[in-house]
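Hey, can you work out the whole structure from these sequences and the hints?
Chain order of the listed sequences is V and P. Heads up: the first sequence at position 54 corresponds to 54 in our numbering, and the numbers run straight through without jumps. Heads up: the second sequence at position 45 corresponds to 45 in our numbering, and the numbers run straight through without jumps.
No lab work stands behind these hints, which were simulated from the structure alone. Beta carbons: idealized from backbone N, C-alpha and C, even for Gly. Honestly, I wouldn't trust all of these hints.
What the hints assert, rightly or not - Just a few of them, taken from the derived set where beta-carbon distance is under 10 Å, the chain P residues facing chain V:
id : residue
1  : Cys12
2  : Ala13
3  : Tyr87
4  : Leu100
5  : Gly103
Unchecked claim - Far from chain P by the CB rule (all over 10 Å, computed), these chain V residues:
id : residue
6  : Leu11
7  : Gln18
8  : Ser33
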Amino acid sequence: DAGVTQSPTHLIKTRGQQVTLRCSPKSGHDTVSWYQQALGQGPQFIFQYYEEEERQRGNFPDRFSGHQFPNYSSELNVNALLLGDSALYLCASSLEAGVYGYTFGSGTRLTVV
Amino acid sequence: DAKTTQPPSMDCAEGRAANLPCNHSTISGNEYVYWYRQIHSQGPQYIIHGLKNNETNEMASLIITEDRKSSTLILPHATLRDTAVYYCIASLSHNAGNMLTFGGGTRLMVKP
Chain V
1 DAGVTQSPTH LIKTRGQQVT LRCSPKSGHD TVSWYQQALG QGPQFIFQYY EEEERQRGNF
61 PDRFSGHQFP NYSSELNVNA LLLGDSALYL CASSLEAGVY GYTFGSGTRL TVV
Chain P
1 DAKTTQPPSM DCAEGRAANL PCNHSTISGN EYVYWYRQIH SQGPQYIIHG LKNNETNEMA
61 SLIITEDRKS STLILPHATL RDTAVYYCIA SLSHNAGNML TFGGGTRLMV KP
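Right, dumping it as structure tokens:
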């Protein structure tokens with residue numbers, strides 16, 4: 001049973017550019033959340049998608065946007081990249097009606113130069 | 001979500017029990033205590049959760065004090081592969097729809 005799959009695993013972008021990160025949730029999961037983890041810190045919640053809509057959002061600017069597709073996969077888009085956006089971006093999936101913990105992917109390491 | 005406090009780091013000898021404490025003195029009655037761990041270069045991994053009663057699964061045991069102001073995660077026989085950052089999180093719901101608020105966690109080093 002495949003877990004959460006994220007692509008790409010590593011990415012280098014230049015300041016001002018735009019980036020799209022992708023996530024395929026664990027089979028059977030219908031909810032996708034995105035987290036940003038700066039070096040040496042705990043993950044910070046960006047937003048959550050359910051039924052193709054953003055349901056919750058953390059304290060992140062509008063430069064961060066997302067999308068969920070009918071097959072439950074998701075994309076995270078970041079516009080006008082800043083050096084401070086360099087981080088590990090984690091995708092977590094879960095079952096809306098479930099009672100078990102979130103399943104995280106291994107993340108995408110984004111470096112902005 | 002209630003704030004949790006954990007020691008920044010701990011050491012444990014391989015084969016011994018690792019006891020990781022967590023304070024959550026402001027936890028509300030309907031908030032669960034969740035534990036996740038993050039091994040280097042991987043995403044966080046769910047370990048266990050509880051509300052009032054002590055819980056045990058194949059990975060660990062969770063002991064919650066009667067007043068629910070603190071808890072302890074117990075890894076009964078720590079191995080080198082248990083070296084990781086352990087996060088204690090207090091949250092309203094375990095279901096989807098509720099975000100996880102991670103703190104700094106405890107960096108557990110299991111030594112031979």
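Indices of hints not satisfied (ascending): When the structure is compared with the hints, numbers 1, 2, 8 turn out to be violated.
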